[in-house]
Amino acid sequence: MSVAGKVAVLLTLIAVSGGAFWTTIQKGVQYISRLHQVPCSQCTYFTGDYRLKCPVHPIEALTEEAIACRDYECRKASIDYAIAQPIARSYPKN
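For the sequence shown, the working numbering assigns the number 95 to the last residue and increments by one with no breaks.
Please note: incorrect hints may appear among the correct ones.
[Said to hold, decoys possible] Label pairs and their in silico Cβ distance ranges:
#1 I26 / L53: 30 to 40 angstroms
#2 D50 / I26: 28 to 38 angstroms
#3 V30 / E74: 41 to 51 angstroms
#4 P56 / T13: 51 to 61 angstroms
#5 E74 / D50: 39 to 49 angstroms
#6 R52 / G29: 23 to 33 angstroms
#7 L12 / R76: 47 to 57 angstroms
#8 P59 / G20: 36 to 46 angstroms
#9 G19 / I60: 37 to 47 angstroms
#10 T25 / V57: 29 to 39 angstroms
#11 E74 / T25: 32 to 42 angstroms
#12 Y32 / L11: 46 to 56 angstroms
Note that these hints are calculated values from the structure, not bench results. Beta carbons: idealized from backbone N, C-alpha and C, even for Gly.
Using the sequences and the hints given, assemble the complete structure.
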């Protein structure tokens, strides 16, 4: 094989490898951006414990299936609701 043929084969291998690398990077970025849509960490039911992340949907928690969770309740909204509720106080009778 001549030098020009070896160079052509080498350039072809580099081009194919570069294309495969670029495709892998794109798929990785898409996957990560999809996982950033998972709302579990902002949910009221999220425990933060690695043994039981969510008592409502323990298998789907922190996966792509949790993106459309029908039981999602924003933690901030529930905190705001709790703050807005009047506190019932009982005073001792004299």
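Verification of the hints:
no.	hint	verdict
1	I26 / L53: 30 to 40 angstroms	holds, 35 angstroms
2	D50 / I26: 28 to 38 angstroms	holds, 33 angstroms
3	V30 / E74: 41 to 51 angstroms	violated, 30 angstroms
4	P56 / T13: 51 to 61 angstroms	holds, 55 angstroms
5	E74 / D50: 39 to 49 angstroms	violated, 18 angstroms
6	R52 / G29: 23 to 33 angstroms	holds, 28 angstroms
7	L12 / R76: 47 to 57 angstroms	holds, 54 angstroms
8	P59 / G20: 36 to 46 angstroms	holds, 40 angstroms
9	G19 / I60: 37 to 47 angstroms	holds, 39 angstroms
10	T25 / V57: 29 to 39 angstroms	holds, 35 angstroms
11	E74 / T25: 32 to 42 angstroms	holds, 37 angstroms
12	Y32 / L11: 46 to 56 angstroms	violated, 32 angstroms
When each numbered hint is compared with the structure, violations occur for hints 3, 5 and 12.
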